[in-house]
Each structure stands twice: as C-alpha cells, then as structure tokens.
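Student: Single-letter residue listing:
Number of protein chains: 2
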Amino acid sequence: MFKKILYPTDFSEVSKKAINYIKKLKEAGTQEVVVLHVLNEKGIEAIALYASGSFDELLQRVEKEAADEMKEIEAVLKESGFKVKLRIEIGIPLTDILKVEEEEGVSAIVIGSHGRSNVKEMLLGSVSEKVIRKSKNPVLVIKR
Amino acid sequence: MFKKILYPTDFSEVSKKAINYIKKLKEAGTQEVVVLHVLNEKGIEAIALYASGSFDELLQRVEKEAADEMKEIEAVLKESGFKVKLRIEIGIPLTDILKVEEEEGVSAIVIGSHGRSNVKEMLLGSVSEKVIRKSKNPVLVIKR
Numbered sequence: 623m624f625k626k627i628l629y630p631t632d633f634s635e636v637s638k639k640a641i642n643y644i645k646k647l648k649e650a651g652t653q654e655v656v657v658l659h660v661l662n663e664k665g666i667e668a669i670a671l672y673a674s675g676s677f678d679e680l681l682q683r684v685e686k687e688a689a690d691e692m693k694e695i696e697a698v699l700k701e702s703g704f705k706v707k708l709r710i711e712i713g714i715p716l717t718d719i720l721k722v723e724e725e726e727g728v729s730a731i732v733i734g735s736h737g738r739s740n741v742k743e744m745l746l747g748s749v750s751e752k753v754i755r756k757s758k759n760p761v762l763v764i765k766r
Numbered sequence: 623m624f625k626k627i628l629y630p631t632d633f634s635e636v637s638k639k640a641i642n643y644i645k646k647l648k649e650a651g652t653q654e655v656v657v658l659h660v661l662n663e664k665g666i667e668a669i670a671l672y673a674s675g676s677f678d679e680l681l682q683r684v685e686k687e688a689a690d691e692m693k694e695i696e697a698v699l700k701e702s703g704f705k706v707k708l709r710i711e712i713g714i715p716l717t718d719i720l721k722v723e724e725e726e727g728v729s730a731i732v733i734g735s736h737g738r739s740n741v742k743e744m745l746l747g748s749v750s751e752k753v754i755r756k757s758k759n760p761v762l763v764i765k766r
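Sequence lines, in order, name chains Z and L.
Going by this note's numbering, the first residue of the first sequence is number 623, and it counts up by one from there.
Going by this note's numbering, the first residue of the second sequence is number 623, and it counts up by one from there.
Worth flagging that the hints you see were computed from the coordinates, not collected in a lab.
Source: prediction; values computed, not measured.
All clues stand as given, with none of them false.
A pair counts as met if it fits within one copy or between any two copies, since identical chains are not told apart.
Straight-line C-alpha distance at most 20 Å; calculated EDC-like pairs for lysine to aspartate or glutamate:
1) LYS765 with GLU725
2) LYS625 with GLU649
3) LYS765 with GLU724
4) LYS758 with GLU635
5) LYS707 with GLU726
6) LYS756 with GLU635
7) LYS705 with GLU724
8) LYS765 with GLU726
9) LYS626 with GLU649
10) LYS626 with GLU696
11) LYS752 with GLU663
12) LYS765 with GLU751
13) LYS705 with GLU726
14) LYS705 with GLU654
Extracted from the complex, chain Z is given alone in its bound form:
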C-alpha cells in the first residue's frame, strides 16, 4: 500500500517536512522513494525573456541547482534505508507529476500542501490540490 512512494518536491519548507513522514512510513512498508522535481518550462522561458538571457543557459543553471538539492534529499533517504530514484523533468508540474506517477507505478504520493508560488496558488489553487484531484493513488498531504 505504501511500498513505492512518489515524492514530488519544489524544495519548499513544507515539502522538506514531508521527508519525516516518508521516514515514518518505512515501518508501514515503504521500500522505494521516487523523488521528483519539475522545472517549470514556461516559468524559465518567462524569466529568460525578462532577464534578456538565453533559455538554455538559465535552464542549465536551474538544473544544476535542482540536482544539488536532489543529492541532499537522496543522501537523507538512503541513510534511512530506502531505495531512491531521482527524476528531474522539464515541463508542467501537474502534468509531469501525473506522468511519473503512471510511469513509475507508485503506490502512494507524499506531497506538501503548498509550494513556493504562494500568491499564484492562492488565486488558482495549489499544484498539490490538483494532484490530489487527478492522481490515481492515495495522497498524503503535509501541512505547513
């Protein structure tokens, strides 16, 4: 039921809090954690345009930052005895989270209730709310 967990993270505080709950789920049978970070393609395009920079250069930089954050999470989870898979996707957060849920055949999702983009989320609903609505598997939502 909790054997393989998808953990989508945007490296926000509440998202990091979720790691403690994943550790606890080990006792309920969690063996593997797929850590997913989605780089928002449209967002990167917009920033590149605004900063008159190149899309590819900016992408390379945010990918590098994400990879570093992922390595830290991987170390913490491996220390707790989990099998860990890291995935960085470039696209639309909701779409890619649901795609990876399907591809990896996970049994549950653990996610923070809110991401970084607070104001936008207050207006449009959080990515997490949409994941909860659309996912096929149970979702453990961690609150701030």
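Dock chain L against chain Z, hints included.
Tutor: Quick look at chain L alone, frame taken from chain Z:
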C-alpha cells in the same frame, strides 16, 4: 506522527476503502482511531420539510442508521487492535470535522476523496478538499 487518527466517514465506498489504509498505518504507530460521522443538519431540515415529516423523527432515524454503521466500523478496527472512539455530530461536516480534529488532538486525518453527494461536490468542491485546505494535520486522501 500517525499515533491518533481522525477518520471522518460518510459511509461511502471510498470512505470504507480508507479503513484498509488505517490498518496498514498501525505498523507506522497508529494506536487510536476517532471515527467521526457528521449528520448534516441543513440537509435533514430540507428533507423533513420536503417529506412533510418532523425534523426530530427524521433525525432520530438517521442517527440510528449512523450508529449501526459506526458499530460495524468499530468492530473491524477493534479486531485490528486499535483503541476506537466513535463520534456522531449534528451540524456542518467541514466545521465539525475541524472542531473534532482540535478537540481530540489527533496527529493525522484519513479521509476519502469524495463523499456521497457527487454532483454538488463537482460544483462546489468536496468536503475533503476543504478539510485538506483547513486542517492543521497531515491528511491521507484515499481515492476511488
């Protein structure tokens, strides 16, 4: 983290599916389950009016039905070794769920993603979505 769980139920199928997940959480430390059913006061008033019946009579009947359902859930959970507390409240589902969360000092909530009133929920969002948004504790959302 999962020591005392609040399990709000409207006795729908997906809500009953949640019981299997609660059983699994036992291994992650769940000891006590507070089973909560909220009788929607406004709904009972409306039906009593429509059916030209008395509010009190109708309330008595739905309370009896709820109590029977609760007894069955209690038996299943006790068999799995949980301490169980049953609560039937008369009021507004969202408000009462959050009130009981506070009163009982639970550490997590396990809830079905959708209740019985599907059409209304498609228009207004489900009670569960509102619970996820307003609760202080992590929420495990079970999908259909």
